[in-house]
Amino acid sequence: MEHIAALLLIVGCSGNLDHCKEIPAPGPVIYETMEDCAADLPQARDDTRKLSARMFSQCVYVDPAMEEEDAELVWDITPDGRLKASVIAGGTTVASVSESTNSRRQ
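For what it's worth, this note's numbering labels the leading residue of the sequence shown as 1, then goes sequentially.
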């Protein structure tokens with residue numbers, strides 16, 4: 001059985017960040033290690049960079065010990081243009097990431 005240690009999250013937004021939505025990743029979305037996810041991140045960014053005016057992407061850590069629990073990935077784009085993502089299980093945040101890893105469509 002594979003253990004999940006990271007999720008690849010891609011979010012596309014309008015230029016003014018008023019409308020944002022998750023964008024399907026062009027490849028895997030779950031990874032056994034953060035390193036594997038990080039290695040795929042540049043290609044995922046390249047493959048999706050023209051889908052929205054502003055794109056955000058990052059790897060989100062998932063605690064492998066919570067594989068039996070129901071978990072939810074929640075995210076938000078802050079007014080200053082940062083993607084904040086967390087994995088929540090049973091109402092408790094078990095992982096949280098905040099980065100400003102966005103790119104503008106060229």
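Hints listed in this document are in silico derivations from the structure and should not be mistaken for laboratory results.
There could be a bad hint or two in this list.
Unchecked claim - Using 27 Å as the maximum straight-line C-alpha spacing, the simulated DSSO-like pairs for lysine-lysine come out as follows:
id, residue 1, residue 2
1, K50, K84
2, K21, K50
3, K84, K21
Stated by the list, open to error - Computed spacing ranges between beta-carbons, pair by pair:
id, residue 1, residue 2, range
4, A65, D18, 23 to 33 Å
5, D18, V74, 27 to 37 Å
6, P64, N16, 16 to 26 Å
Glycine included, every Cβ here is placed at the ideal spot set by N, Cα and C.
Against the structure, the hints:
1. The hinted pair formed by K50 and K84 meets the criterion: a straight-line CA distance of about 21 Å does not exceed 27 Å.
2. Between K21 and K50 the alpha-carbon distance is near 14 Å, which keeps this suggested pair within the 27 Å criterion.
3. Note on K84 and K21: the hinted pairing holds, with a Cα-Cα distance of about 13 Å set against a maximum of 27 Å.
4. Between A65 and D18 the beta carbon distance is about 38 Å. The supplied range of 23 to 33 Å is therefore violated.
5. Between D18 and V74 the beta carbon distance is about 19 Å. The supplied range of 27 to 37 Å is therefore violated.
6. Our hint of 16 to 26 Å for P64 and N16 is violated, since their Cβ atoms are close to 38 Å apart.
When the structure is compared with the earlier hints, violations turn up for hints 4, 5 and 6 and for no others.
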